[in-house]
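Let the hints inform the model, and build the full structure from the sequences given.
Just so you know, the sequences run in chain order A and B.
Counting from 5, one number per residue, gives the positions in the first sequence under the numbering used here.
Counting from 486, one number per residue, gives the positions in the second sequence under the numbering used here.
In case anyone wonders, no lab produced these hints; they're calculated from the structure.
Don't be surprised by glycine CBs; every beta carbon is placed ideally from N, CA and C.
One or more of the hints may lead you astray.
Pairs of lysine-lysine residues, derived as BS3-like cross-links and limited to a Cα-Cα distance of at most 30 Å, are as follows [to be verified]:
{"id": "1", "chain 1": "A", "residue 1": "K67", "chain 2": "B", "residue 2": "K898"}
{"id": "2", "chain 1": "B", "residue 1": "K691", "chain 2": "A", "residue 2": "K165"}
{"id": "3", "chain 1": "A", "residue 1": "K104", "chain 2": "A", "residue 2": "K165"}
{"id": "4", "chain 1": "A", "residue 1": "K336", "chain 2": "B", "residue 2": "K687"}
{"id": "5", "chain 1": "A", "residue 1": "K165", "chain 2": "B", "residue 2": "K687"}
Across the chosen pairs, the derived CB separations fall in these ranges [as the list claims (entries may be wrong)]:
{"id": "6", "chain 1": "B", "residue 1": "G739", "chain 2": "A", "residue 2": "H363", "range": "47 to 53 Å"}
{"id": "7", "chain 1": "A", "residue 1": "E297", "chain 2": "B", "residue 2": "R862", "range": "45 to 51 Å"}
{"id": "8", "chain 1": "B", "residue 1": "G772", "chain 2": "A", "residue 2": "I318", "range": "42 to 48 Å"}
{"id": "9", "chain 1": "A", "residue 1": "S134", "chain 2": "B", "residue 2": "G772", "range": "55 to 61 Å"}
{"id": "10", "chain 1": "B", "residue 1": "E599", "chain 2": "A", "residue 2": "A317", "range": "40 to 46 Å"}
{"id": "11", "chain 1": "A", "residue 1": "P440", "chain 2": "B", "residue 2": "G568", "range": "29 to 35 Å"}
{"id": "12", "chain 1": "B", "residue 1": "R903", "chain 2": "A", "residue 2": "S184", "range": "23 to 29 Å"}
{"id": "13", "chain 1": "B", "residue 1": "P902", "chain 2": "A", "residue 2": "P440", "range": "18 to 24 Å"}
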Amino acid sequence: MPATTTLPTRLASELSSIVGPENLLAHRDERLVYECDGFVIEKNVPDLVVFPTSTEQVVGVVKACGRAGVPFVPRGAGTSLAGGTLAVGGGVMICLTRMKRILEVNARDRYAVVEPGVVNVWLTRALAGSGFHYAPDPSSQGACTIGGNVATNSGGPHTLKYGVTVNHVLGVELVLPDGSVVQAGGPEEDHPGYDLTGLIVGHEGTFGIVTKVTVDLTRDPEAGRTFLGVFETVEAATEAVSGIIAAGIVPAALEMLDNPMIRAVEAAFRFGFPTEAGAVLIIETDGLDAGLEREAQSIASIVRSNGGSVAKAITWRTRKEPEYMAIWKARKSAFGAIGRLSPTFCTQDGVVPRTKLPHILRFITAVGERHDIRIANVFHAGDGNIHPILLFDERDPDQVRRVLEASHEILEECINVGGSVTGEHGIGVEKMSFMPRLFSPADLAAMVALRTAFNPAGLCSPDKMIPGGAGCIERKSPGHKASA
Amino acid sequence: MLDLSPPVIETIALNWPETSAGGVLGDGRSASATDRPSSLEELCEIVARRVGEGHALYPQGGATALDYGGIPRRPGVAIDLRGLARVVDYPAADMTITIEAGMTLAALQKTLGEQGQRLTLEAPLADRATLGGIFATNASGPRRFGLGRPRDQIIGIRYVDGEGRAIKGGGRVVKNVAGYDLPKLLTGSMGTLGIIAELTLKVRPKPEASALAWVRFRRLADAAQALDRLNTSGTRPVALELLNAPTARKVGGGAGLPVEEWVLVVGFEDNAASVAWQLDRLTLELGRTDLVFLKDNDSAPLWSALVDSQADEDAPLTFAANLKPSAALVFLGSIDAARWAIQTHAGNGIVRGHFQDEANFEEIAPEVDRLRAEAVRLGGSLTLPRCPTGWKDRLKVWGNPRADWAIAEKVKKALDPRGVLNPGRFVGVI
Numbered sequence: 005m006p007a008t009t010t011l012p013t014r015l016a017s018e019l020s021s022i023v024g025p026e027n028l029l030a031h032r033d034e035r036l037v038y039e040c041d042g043f044v045i046e047k048n049v050p051d052l053v054v055f056p057t058s059t060e061q062v063v064g065v066v067k068a069c070g071r072a073g074v075p076f077v078p079r080g081a082g083t084s085l086a087g088g089t090l091a092v093g094g095g096v097m098i099c100l101t102r103m104k105r106i107l108e109v110n111a112r113d114r115y116a117v118v119e120p121g122v123v124n125v126w127l128t129r130a131l132a133g134s135g136f137h138y139a140p141d142p143s144s145q146g147a148c149t150i151g152g153n154v155a156t157n158s159g160g161p162h163t164l165k166y167g168v169t170v171n172h173v174l175g176v177e178l179v180l181p182d183g184s185v186v187q188a189g190g191p192e193e194d195h196p197g198y199d200l201t202g203l204i205v206g207h208e209g210t211f212g213i214v215t216k217v218t219v220d221l222t223r224d225p226e227a228g229r230t231f232l233g234v235f236e237t238v239e240a241a242t243e244a245v246s247g248i249i250a251a252g253i254v255p256a257a258l259e260m261l262d263n264p265m266i267r268a269v270e271a272a273f274r275f276g277f278p279t280e281a282g283a284v285l286i287i288e289t290d291g292l293d294a295g296l297e298r299e300a301q302s303i304a305s306i307v308r309s310n311g312g313s314v315a316k317a318i319t320w321r322t323r324k325e326p327e328y329m330a331i332w333k334a335r336k337s338a339f340g341a342i343g344r345l346s347p348t349f350c351t352q353d354g355v356v357p358r359t360k361l362p363h364i365l366r367f368i369t370a371v372g373e374r375h376d377i378r379i380a381n382v383f384h385a386g387d388g389n390i391h392p393i394l395l396f397d398e399r400d401p402d403q404v405r406r407v408l409e410a411s412h413e414i415l416e417e418c419i420n421v422g423g424s425v426t427g428e429h430g431i432g433v434e435k436m437s438f439m440p441r442l443f444s445p446a447d448l449a450a451m452v453a454l455r456t457a458f459n460p461a462g463l464c465s466p467d468k469m470i471p472g473g474a475g476c477i478e479r480k481s482p483g484h485k486a487s488a
Numbered sequence: 486m487l488d489l490s491p492p493v494i495e496t497i498a499l500n501w502p503e504t505s506a507g508g509v510l511g512d513g514r515s516a517s518a519t520d521r522p523s524s525l526e527e528l529c530e531i532v533a534r535r536v537g538e539g540h541a542l543y544p545q546g547g548a549t550a551l552d553y554g555g556i557p558r559r560p561g562v563a564i565d566l567r568g569l570a571r572v573v574d575y576p577a578a579d580m581t582i583t584i585e586a587g588m589t590l591a592a593l594q595k596t597l598g599e600q601g602q603r604l605t606l607e608a609p610l611a612d613r614a615t616l617g618g619i620f621a622t623n624a625s626g627p628r629r630f631g632l633g634r635p636r637d638q639i640i641g642i643r644y645v646d647g648e649g650r651a652i653k654g655g656g657r658v659v660k661n662v663a664g665y666d667l668p669k670l671l672t673g674s675m676g677t678l679g680i681i682a683e684l685t686l687k688v689r690p691k692p693e694a695s696a697l698a699w700v701r702f703r704r705l706a707d708a709a710q711a712l713d714r715l716n717t718s719g720t721r722p723v724a725l726e727l728l729n730a731p732t733a734r735k736v737g738g739g740a741g742l743p744v745e746e747w748v749l750v751v752g753f754e755d756n757a758a759s760v761a762w763q764l765d766r767l768t769l770e771l772g773r774t775d776l777v778f779l780k781d782n783d784s785a786p787l788w789s790a791l792v793d794s795q796a797d798e799d800a801p802l803t804f805a806a807n808l809k810p811s812a813a814l815v816f817l818g819s820i821d822a823a824r825w826a827i828q829t830h831a832g833n834g835i836v837r838g839h840f841q842d843e844a845n846f847e848e849i850a851p852e853v854d855r856l857r858a859e860a861v862r863l864g865g866s867l868t869l870p871r872c873p874t875g876w877k878d879r880l881k882v883w884g885n886p887r888a889d890w891a892i893a894e895k896v897k898k899a900l901d902p903r904g905v906l907n908p909g910r911f912v913g914v915i
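Have a look at this one:
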């Protein structure tokens, strides 16, 4: 089944002369690590991997690929959980991790310009002490790149108050598949013309290769409060979330872990989470110190009136304080903690209207029981973005089948209650089959037309995100299955 | 495989109507007719039929900005969306609302207000301006500094394309990355990619307290210094408006506020304890004892005046320059403050100037050229949101062509291959 391209031998030497031999991987054993990203169910080894170090090199690479008719796919740190960087059908993988300079930081005008391979947390570190930060902080921020964040419109735990990546990207430089370079947006707001920046963010690599990103900078909060609410049931914790929103409080974060997740995190980090609790809720508010005390009192009373207790209440001035970092390390490493429970896991990224959280969580429990699959949950309760983590052993084909079925049913239910199949991970290859459930043929035709405007030959990230259209290789699944 | 090719319809050459009996399109152009759909289905049917008849389509809302943009290029019908004004879904606890595009901003705010919520978006003439129009034109107000632009509030859209098909993008949940971000693309697209029929928006709780501080300066350099200082202020303003004397008189006159050459208006919104602290802190940071504070209900008229003054209907010509915030302050130094009423979203680098004299083309044209050259030199652009029709081609209402307009034209061709949506209105040949 794998549609492996046979590369013209000339292409490898041509690419080598563009990026330099030290920035090209040709041997299969070197390329093997690039066979998948954080989505491990489908794999395919790219035929060549290149690491350009400049926009000009990216232009050279895509032009050479275009001349040879060989598909190419951009990749950052490979933390995608939806197969966004899978080299479907082989071709050239363009790794942007060696374009990693922070080109400009301008605190007065509140922007920074970075290359796509800059790791999210590097920018935050570079800004330390300036009074500003880059707001989007996906859980993988220690590894994921800003280019990847732009491709998938990444979220993270603080999106409820601060928005997602697109809300913080002012402009991008995009190398189109034909090698021309588009400058969309920039440090100035409201340039006349379409909001191409808004369209390009979240393109999952299907429009071209982003080679530069202008992001806005957000003032640091003066202070914050982080609470650990402990509840007997997920329902009670969800009621508390509703109560907080109804009280007119917009927390910086509202993160929930269910019991299996609490146990996993506790086993890994010994943070002191109560392992008998049905759910813990991390509630964070930030802003000016003068306004926080009353909010804190309201939150504590809402937690208690929903049968919960406040196990920890931290008052912080910066997000560097040890107690603060400990809580978030536990949360952001939740996926890693799962490694202790199961050889493989697959996480889903569905979204439901927040008020439907108790329903979807009951549904997930039932699905897990029906398919005999263990499922742990950690999620962004404030935006209704769930992350059920399905535990399995990828060596067992029957478990793989059951995990895929269970995932499917969960995402179907998200659609049924008016939500979406992905809040922040992207469609990738994983969820393409859901697109016709979310969108009509006319909606999808409009999206295909847009992709064709940027990527007419379909060589850039083929068979991703939007099903159908030009340059589409007919296939049911890419590469080989992990279980094969 | 999806069929992308539009059905072939013979194009009929139509003439411009001789009277405005069928309605107006703006810029002195008359509509062949005005259609008033009252449902999405009816809108789709009208579009398909009118395009079949050879008409171009000119969507309209509250008609508060009919003359905005380029001149309508070919005859067509006006489509008045005000009959689509229903709330489709308002799950207040999810902090989202889905509405039809013909609803006015004032009506929406009233609905939200009943649940203690609001849309954090402003536009002039809110009792007439529709949400469809506001999003199509990317309108905003002073609060954009702290609370975001239209692109930050929109999460879902339904629009009708030039074939009469309803197209959906985004969804109704606050976080959603399925499919391309059509809501962002349509925002600010001037009705040239689709007729916006329905919007899903993020809403917020109303703040407990609101205040405006009125700070006077004799010299621009002093105002600029204060703004530099406020960039790292201990406070967190949601609005930073820098006005010259003519604008300050206009917006503050009613309240009897004292005016000098420059006035900086600083807006705060949060809970009461935070706002009170910020006003004290601002006084301390600026080292001034003559600040005037307007609090809560007393601040409402000035907030509104600051929004409405963006669209000065008496001015013959209005420019808008978009710059980096620090560059905007440099740009202000190049404007003749006696002849232009100036309002700057100082935190966002947006400068608006309304010409205060009788418009005389020979005099104003070189002035626009000079200001545009200065804006471009500083890295920005200069557009003309308001301009007499006869001057539009010469003065280039959208400014100098930008490199990304080439791809914008490809986007236009992809979504409106027959060019029936608002032809002539937007940048380049769009």
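Hint-by-hint comparison with the structure:
1. A/K67 x B/K898: Status holds; Cα separation ~24 Å.
2. B/K691 x A/K165: Holds: B/K691 and A/K165 sit about 14 Å apart, inside 30 Å.
3. A/K104 x A/K165: Satisfied, since the Cα-Cα distance of roughly 29 Å is no more than 30 Å.
4. A/K336 x B/K687: Given that 30 Å is the threshold and the Cα spacing comes to 26 Å, the pair holds.
5. A/K165 x B/K687: Holds, at roughly 11 Å.
6. B/G739 x A/H363: 47 to 53 Å: 52 Å, holds
7. A/E297 x B/R862: 45 to 51 Å: Distance hint for A/E297, B/R862 holds at roughly 49 Å.
8. B/G772 x A/I318: 42 to 48 Å: 35 Å, violated
9. A/S134 x B/G772: 55 to 61 Å: 24 Å, violated
10. B/E599 x A/A317: 40 to 46 Å: With a Cβ separation near 34 Å, B/E599 and A/A317 fall outside 40 to 46 Å, so the hint is violated.
11. A/P440 x B/G568: 29 to 35 Å: About 32 Å separates the Cβ atoms of A/P440 and B/G568, which means 29 to 35 Å holds.
12. B/R903 x A/S184: 23 to 29 Å: About 26 Å separates the Cβ atoms of B/R903 and A/S184, which means 23 to 29 Å holds.
13. B/P902 x A/P440: 18 to 24 Å: 23 Å, holds
The structure does not agree with the numbered hints 8, 9 and 10 stated previously, though it agrees with the rest.
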